Amino acid sequence: MTDHDTPEPEAGGDTTHFGFRTVRAADKKGMVREVFDSVAERYDLMNDLMSAGVHRVWKARFIEWLAPRPGMRLLDVAGGTGDIAFRFLDAAGKRGADPETHVTVCDINEEMLKVGRNRAVDKGILGGIEWVRGDAEALPFEDNSFDAYTIAFGLRNVTDIDQALREARRVLKPGGRFMCLEFSHVVVPGLDAVYDVYSFQVLPRLGQVVARNRDAYQYLVESIRRFPKQQDLIDRMADAGLHQGKVRNLSGGIAAIHSAWRI
Amino acid sequence: MNDAAPSAPTARLVDPKLLEILVCPLTKGPLTYDAARQELVSAKAGLAYPIRDGIPILLEDEARRLDDEEI
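If you read the sequences in order, they're chains A and B.
The numbering of the first sequence is the working numbering, which starts it at 3 and goes up by one.
The numbering of the second sequence is the working numbering, which starts it at 4 and goes up by one.
Calculated from the structure, these hints are not laboratory results.
Quick caveat: nothing in here was measured; it's all calculated off a predicted structure.
Backbone N, C-alpha and C fix where the C-beta goes; we use that ideal spot for every residue, glycine too.
The reader is advised that the hints may include incorrect statements.
Claimed, not checked - Now the in silico label distances, taken between C-beta atoms and shown as ranges:
(1) A:R216 x B:L22: 13 to 23 Å
(2) B:D64 x A:G129: 49 to 59 Å
(3) A:W67 x B:D71: 28 to 38 Å
(4) A:D39 x B:L22: 44 to 54 Å
(5) A:R71 x B:L69: 21 to 31 Å
(6) A:G129 x B:A39: 33 to 43 Å
(7) A:D217 x B:D37: 36 to 46 Å
(8) B:L16 x A:R214: 29 to 39 Å
(9) A:E102 x B:D37: 25 to 35 Å
Build out the structure end to end from the sequences listed, making use of the hints.
The structure is reproduced here in structure tokens:
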């Protein structure tokens with residue numbers, strides 16, 4: 003049913019992975035963009051269905067660990083629909099009003115940003131948030147600009163993860179916090195088999211019915227399997243200059259939060 | 004494209020604080036804000052990045068290459 007068992011060319015040199023397909027590195031960005039353009043409007047609905055609403059719990063845990071404080075300046079990368087940004091402003095606001103509290107949402111995808119900005123208007127959020135179209139691998143921000151950098155369900159879609167991590171370090175102030183929320187690798191025996199069936203059989207069908215794009219969700223499943231394992235990501239964060247890495251598994255490792263610091 | 008919507012540039016303004024920290028994604032050099040054209044110009048890269056509907060687009064493949072007179 004899927005082609006994930008078939009042999010494939012080794013990714014290396016100028017090629018990279020797009021799900022389980024090996025594609026030219028230069029093409030991946032455009033292919034990922036098409037996937038998200040096509041599902042943008044139904045993206046949040048899809049997330050709810052896919053995770054049975056659990057993604058909300060994961061995001062809440064993510065924000066809880068970030069512990070936003072008044073006056074914090076956050077860069078949220080790949081956060082087009084505003085999910086993390088709104089939670090951040092809400093959490094920081096509860097601990098005290100400060101006009102310096104600010105989130106910059108940077109996403110490569112125009113459609114996702116439009117959804118986010120419309121949601122901000124609907125929620126009556128006027129200040130403390132800015133929207134920028136940019137690339138996680140070539141961030142358009144000055145060095146040492148932010149207290150925290152978050153990327154939720156975004157790092158997996160980046161062509162060169164190590165480059166994105168180096169850029170994260172660059173824009174963080176010394177002492178700044180890096181946090182990533184991403185689908186990860188199941189660590190509970192037995193759950194992995196169930197999760198395999200769910201992800202390869204159920205998810206692409208859900209994608210077909212709800213977002214009318216089976217390929218997009220097939221890509222999603224495959225890209226999750228490609229993503230570095232928990233400890234591997236910690237090591238790569240350290241290589242990029244993001245230290246004291248820690249991980250918290252969510253739902254048995256279906257997702258994981260990684261945290262590190264620019265020292 | 005802007006000709007059709009004369010009110011668009013004033014409808015949404017980019018936060019001056021944001022402009023302070025924005026740099027050219029290629030050179031990491033400074034950007035000059037051209038309010039009339041709604042562009043952020045990177046002299047070093049020879050590129051003008053568009054601002055559409057108040058959202059700066061700092062992507063190389065969306066940028067306009069500056070002609071000789073502009074550099």
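Structure versus earlier hints, numbers of those that do not hold, lowest first | Hint check: 1, 2, 3, 4, 5 and 6 fail, others pass.
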